[in-house]
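> So the chains spell out like this:
2 protein chains.
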Amino acid sequence: MMIYLDQAASSFPKPTTVADAMVKAVNEYGANPGRSGHQLSKCASAVIDKTREKVQKMFRNQSVDRVVFSLNATTALNQAIDGLSWKRGDHVVATTFEHNSVRRPLERLKKEKGVLVDYVRPNEDEKTWEEAILNKITSNTKLVIVTHGSNVTGEIIPVESIGVSLKNSGVMYCVDASQTAGVLPIDMEAMNIDMLAFPGHKGLLGPQGVGVLLVKNHVNLRPINVGGTGSHSEELEQPKIWPAGWESGTLNTPGIAGLLKGIQEVEKRGLSTIFEHEKSLSIHCIKGLKKLPGIHIVGPGEEENRLGVVSFYIDGVDGLEVAMILDEHYQIAVRAGLHCAPLTHESYETSDKGVIRASFGIYNTKEEVDQLVAAIEEIKDGLLE
Amino acid sequence: MMIYLDQAASSFPKPTTVADAMVKAVNEYGANPGRSGHQLSKCASAVIDKTREKVQKMFRNQSVDRVVFSLNATTALNQAIDGLSWKRGDHVVATTFEHNSVRRPLERLKKEKGVLVDYVRPNEDEKTWEEAILNKITSNTKLVIVTHGSNVTGEIIPVESIGVSLKNSGVMYCVDASQTAGVLPIDMEAMNIDMLAFPGHKGLLGPQGVGVLLVKNHVNLRPINVGGTGSHSEELEQPKIWPAGWESGTLNTPGIAGLLKGIQEVEKRGLSTIFEHEKSLSIHCIKGLKKLPGIHIVGPGEEENRLGVVSFYIDGVDGLEVAMILDEHYQIAVRAGLHCAPLTHESYETSDKGVIRASFGIYNTKEEVDQLVAAIEEIKDGLLE
Chain C
9 MMIYLDQAAS
19 SFPKPTTVAD
29 AMVKAVNEYG
39 ANPGRSGHQL
49 SKCASAVIDK
59 TREKVQKMFR
69 NQSVDRVVFS
79 LNATTALNQA
89 IDGLSWKRGD
99 HVVATTFEHN
109 SVRRPLERLK
119 KEKGVLVDYV
129 RPNEDEKTWE
139 EAILNKITSN
149 TKLVIVTHGS
159 NVTGEIIPVE
169 SIGVSLKNSG
179 VMYCVDASQT
189 AGVLPIDMEA
199 MNIDMLAFPG
209 HKGLLGPQGV
219 GVLLVKNHVN
229 LRPINVGGTG
239 SHSEELEQPK
249 IWPAGWESGT
259 LNTPGIAGLL
269 KGIQEVEKRG
279 LSTIFEHEKS
289 LSIHCIKGLK
299 KLPGIHIVGP
309 GEEENRLGVV
319 SFYIDGVDGL
329 EVAMILDEHY
339 QIAVRAGLHC
349 APLTHESYET
359 SDKGVIRASF
369 GIYNTKEEVD
379 QLVAAIEEIK
389 DGLLE
Chain U
9 MMIYLDQAAS
19 SFPKPTTVAD
29 AMVKAVNEYG
39 ANPGRSGHQL
49 SKCASAVIDK
59 TREKVQKMFR
69 NQSVDRVVFS
79 LNATTALNQA
89 IDGLSWKRGD
99 HVVATTFEHN
109 SVRRPLERLK
119 KEKGVLVDYV
129 RPNEDEKTWE
139 EAILNKITSN
149 TKLVIVTHGS
159 NVTGEIIPVE
169 SIGVSLKNSG
179 VMYCVDASQT
189 AGVLPIDMEA
199 MNIDMLAFPG
209 HKGLLGPQGV
219 GVLLVKNHVN
229 LRPINVGGTG
239 SHSEELEQPK
249 IWPAGWESGT
259 LNTPGIAGLL
269 KGIQEVEKRG
279 LSTIFEHEKS
289 LSIHCIKGLK
299 KLPGIHIVGP
309 GEEENRLGVV
319 SFYIDGVDGL
329 EVAMILDEHY
339 QIAVRAGLHC
349 APLTHESYET
359 SDKGVIRASF
369 GIYNTKEEVD
379 QLVAAIEEIK
389 DGLLE
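Protein sequence lines correspond, in order, to chains C and U.
In short: position in the first sequence from 1, add 8, done, that's this note's numbering.
In short: position in the second sequence from 1, add 8, done, that's this note's numbering.
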């Protein structure tokens, strides 16, 4: 039996209700949602509507119609970023913790449209995140986009204080909750978030194949994809009706049905229980690893508020090799490398080495963490002999 | 038990192997494909690679790396169309049979980039499709894009003769096989197709949530979405590596695993058996409907080569009402309206009425068609009394 510590990539296992709901969607009402008016189509629409409503309430978006489903968080983030209207000289503030799903769309805007981008580093000029971000804002700043939690270090960015400080600034505020949706409470109203993006298959315990973008009512977004919207077929132009106008084509009904069950499991357990569990495993892991000589934890230590993600490297040892041995000889799944977040590694000067990342979920246990630490000790000793 | 005659929207039911494969993907190897190197991730990658290879061989694309998975045919078509580089005055030839997933991206290019678009009508100037299309080509024509089969009338467009006639013309040739993948043989080599797009959830019998774009090696496409690609994380720019550079973010692993099973079922039955079965049901349906006074078939009749899609309207009767009665009183699912293809209705002068569409799949039977015809007769008589 595999010990799966790659939860930051995809949570696994899923609640059994997830696959059950997907089977039901495929085998019992596999019709096209929102297209035809018949019973099977209505069943498909109903499960999508229910999931939309659940998501809207959980994250307190203003309108249920502005819950947009797509393939993954990357497509949601591209819609959020590329969907705004950009001109030369516009300015964006982001952080060095951004995943490539934010950084690459921003770099493309830089290159193709002459947009300027600042990436704020942790502890930049010994400022807090909100001070450092506010400090970068100019009269040309159009967007502040930050990740809620680093997928490399588990560090949490205070999205609420940043949001509150941006209130009435006229700057759009977008949060990438890929690592935190289903783990930390997110309230778009209280946190003053204009757009929120996340995947269904991580903390929300849904299957792969669903990304979500929540958009406040005042935000104008050009849809990335245009096409069939099920109604207003006669119009040449994409109808400006949410969510259909931003969800052209057939949605992933089974995936969305599965996501609903994942979210229901998250609600049953409660965010604070989930967060405390995952955090306690990461602290247990850090404490265990710190006892071993030559191991360096990257990012926040065990005293800080953090997600269940621990990255580390070992002096003189190749992380990819360690991950391979963990997989093949110890049946432990972790992830080594840069984790699609190279700027994070620049911040921590780990770009050349990459790191080994262990990330924890609701089903992981202290015993599994102990097995990881014991395995790391053996591997390290073996490789350094 | 519902009689499901809305196969052109989504095929239903699916082979039982489809949901089984999805359950396995979710419950046994729910890790992130192509990201981490561990066993579970490799299982996810393996099923995706296998599907990619299957699709490449089935449609004879040059390279397995240029099989790009996305959410649906609409995202695949937006990638194909919007991914080309456009300038004012560029010209496109399409047909009036295009679905909004082609028409709306083209209309947007027209409006935003000054691209010119001609939509060829069936029998335009009494020419064949290939003559009429060739006739429209100018020195500025960059793209010919045609649907292989109308989702409204079931008419088949001769994509091979069009492709052959475009050979060495320097014009890009894209085919929308939404209604034909899994029904008619499509050979990108022999048909000289540069890009081919289709959904997984129609003729290929897979679940909703997967679209496919096949791209020949010479085609340059700007990726619509950029982000994490699993490797080359350190590069600021999106890596130009197929397929990863055009598939940013996590793929729909369960959906792709289900699609593989759908395709295997298609292969087991054989395309010609599937096509003949669906065509024979449509002919049986047309013959039955023609016996009823006041019913008009839209599009090709029973003598012509056609897909298993039959659209009709009834003098003096509202199609939406008929569809509702069929659903509620006869448990028969059809679709009424414009079917996201308004130009088709303009061609047939049915824009004001819309039509009732019955579409047939591999599991439908002659008896079901008979029940539809009998129900239509009753409803018509009742409404016109």
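A couple of the hints might just be wrong.
[As the list claims (entries may be wrong)] Partner residues are not named here, just some residues of chain C that face chain U (Cβ under 8 Å, in silico):
hint: 1; residue: 82
hint: 2; residue: 116
hint: 3; residue: 244
hint: 4; residue: 337
hint: 5; residue: 341
[Said to hold, decoys possible] Just a sample of chain C residues kept apart from chain U, beta carbon distances all over 12 Å, derived:
hint: 6; residue: 169
hint: 7; residue: 232
hint: 8; residue: 282
hint: 9; residue: 300
hint: 10; residue: 382
hint: 11; residue: 385
hint: 12; residue: 387
[Stated by the list, open to error] Computed footprint of chain C on chain U, listed as stretches where at least three residues anywhere in the stretch have a Cβ under 8 Å from a Cβ of chain C:
hint: 13; segment: 58 to 71
hint: 14; segment: 123 to 136
hint: 15; segment: 144 to 153
I should point out that these hints are in silico values taken from the structure, not numbers from a laboratory.
Even glycine gets a Cβ: it sits at the ideal position worked out from N, Cα and C.
> Against each hint, give a clear statement of whether it holds in the structure.
Taking the hints in turn, this is what the structure says about them:
The interface hint given for residue 82(C) holds, since its Cβ lies 3 Å from the closest Cβ of chain U, which is under the 8 Å cut-off. Because the beta carbon of residue 116(C) sits about 6 Å from the nearest beta carbon in chain U, less than 8 Å, this interface hint is met. Checking residue 244(C) against chain U: minimum C-beta separation of about 5 Å stays under 8 Å; hint holds. Checking residue 337(C) against chain U by beta carbon gives a least distance of about 12 Å; that is not within 8 Å, so the hint is violated.
With 8 Å as the threshold, the beta carbon of residue 341(C) comes within range of chain U, its nearest partner Cβ sitting at about 4 Å, so the hint holds. The non-interface label for residue 169(C) is consistent with chain U: the shortest C-beta to C-beta separation is roughly 27 Å, beyond 12 Å. For residue 232(C), the shortest C-beta to C-beta distance to chain U comes to about 6 Å, within the 12 Å cut-off, and the non-interface label is violated. Residue placement check: residue 282(C) keeps its beta carbon more than 12 Å from all beta carbons of chain U (closest about 18 Å).
The claim that residue 300(C) is not at the interface with chain U holds, since no C-beta of that chain comes within 12 Å of its own (minimum 22 Å). Residue placement check: residue 382(C) keeps its beta carbon more than 12 Å from all beta carbons of chain U (closest about 18 Å). Distance check on residue 385(C): its Cβ is at least 20 Å (rounded) from any Cβ of chain U, clearing the 12 Å threshold; non-interface status holds. Every Cβ of chain U is farther than 12 Å from the Cβ of residue 387(C); the closest lies at roughly 15 Å, confirming the non-interface assignment.
Coverage of a stretch by a chain is defined here by at least three residues with a beta carbon nearer than 8 Å to that chain's beta carbons; for the segment 58 to 71 of chain U and chain C the count is 0, and the condition is violated. Coverage of the segment 123 to 136 of chain U by chain C is violated in this model, with 0 residues showing a Cβ closer than 8 Å to a Cβ of that chain against a need of three. Given as covered by chain C, the segment 144 to 153 of chain U fails the check, having 0 residues with a CB less than 8 Å from a CB of that chain where 3 are the minimum.
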